[in-house]
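**Student:** Sequence:
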Amino acid sequence: MSNQQLFTQLKQLAKLVEGNSVTVPAFSKESRTLLKDKATRNSKFDLIINKKGHRNKDIFSLVIMSSNYPDKIMMRLDYSGSSHKGVETPHVHIFDEQHDFGSKAISLQNLSSIMINQYMDALTWFLKENSVDMSGVQIQETIV
Numbered sequence: 000m001s002n003q004q005l006f007t008q009l010k011q012l013a014k015l016v017e018g019n020s021v022t023v024p025a026f027s028k029e030s031r032t033l034l035k036d037k038a039t040r041n042s043k044f045d046l047i048i049n050k051k052g053h054r055n056k057d058i059f060s061l062v063i064m065s066s067n068y069p070d071k072i073m074m075r076l077d078y079s080g081s082s083h084k085g086v087e088t089p090h091v092h093i094f095d096e097q098h099d100f101g102s103k104a105i106s107l108q109n110l111s112s113i114m115i116n117q118y119m120d121a122l123t124w125f126l127k128e129n130s131v132d133m134s135g136v137q138i139q140e141t142i143v
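Number 143 marks the last residue of the sequence shown (numbering that gives the first Met the number 0); no jumps.
Note that these hints are calculated values from the structure, not bench results.
Yeah, the Cβ is synthetic: ideal placement off N, Cα and C, and Gly gets one too.
The reader is advised that the hints may include incorrect statements.
Unchecked claim - Label pairs and their computed distance ranges (CB to CB):
| hint | residue 1 | residue 2 | range |
| --- | --- | --- | --- |
| 1 | Gly18 | Lys84 | 36 to 42 Å |
| 2 | Lys84 | Ile142 | 32 to 38 Å |
| 3 | Gln4 | Ser102 | 16 to 22 Å |
| 4 | Glu17 | Asn109 | 27 to 33 Å |
| 5 | Ser20 | Gly85 | 17 to 23 Å |
| 6 | Ala25 | Gln3 | 26 to 32 Å |
| 7 | Gln11 | Ile105 | 28 to 34 Å |
| 8 | Asn109 | Gln3 | 16 to 22 Å |
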């Protein structure tokens, strides 16, 4: 199986949120949520929500990783932060052959059919785009 086929298979795999809860961290923090494939629960994924900007304190990025994927990182959404080669945020990096393993940023406007007005909208889009089953899942935002 090629890397591209593996990427597509893992991305399309229906995923469950471990513990039915996703936590959005407070400023300068990061949270991790374990995801498992819905069918066998053998494939594991990490959802990382990062609000730890070093230079720009208004950072919000999302990453999905799989230990089954050679590059580990599968997709990253930068909601805020600096532009990449003229592509402003929010934008997405897709770590597959088709998208040059994340080196090219793609405007979220070009990928989403819904209007993304807030970072919580971006989180919802990102989870759906990565086949995460959100039924019964609570999204909790940490303020402090």
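**Student:** For every hint, state whether the structure bears it out.
**Tutor:** Evaluated hints:
{"no.": "1", "hint": "Gly18 - Lys84: 36 to 42 Å", "result": "38 Å, holds"}
{"no.": "2", "hint": "Lys84 - Ile142: 32 to 38 Å", "result": "34 Å, holds"}
{"no.": "3", "hint": "Gln4 - Ser102: 16 to 22 Å", "result": "20 Å, holds"}
{"no.": "4", "hint": "Glu17 - Asn109: 27 to 33 Å", "result": "31 Å, holds"}
{"no.": "5", "hint": "Ser20 - Gly85: 17 to 23 Å", "result": "37 Å, violated"}
{"no.": "6", "hint": "Ala25 - Gln3: 26 to 32 Å", "result": "37 Å, violated"}
{"no.": "7", "hint": "Gln11 - Ile105: 28 to 34 Å", "result": "18 Å, violated"}
{"no.": "8", "hint": "Asn109 - Gln3: 16 to 22 Å", "result": "20 Å, holds"}
Of the hints listed earlier, those the structure fails to meet are numbers 5, 6, 7, in rising order.
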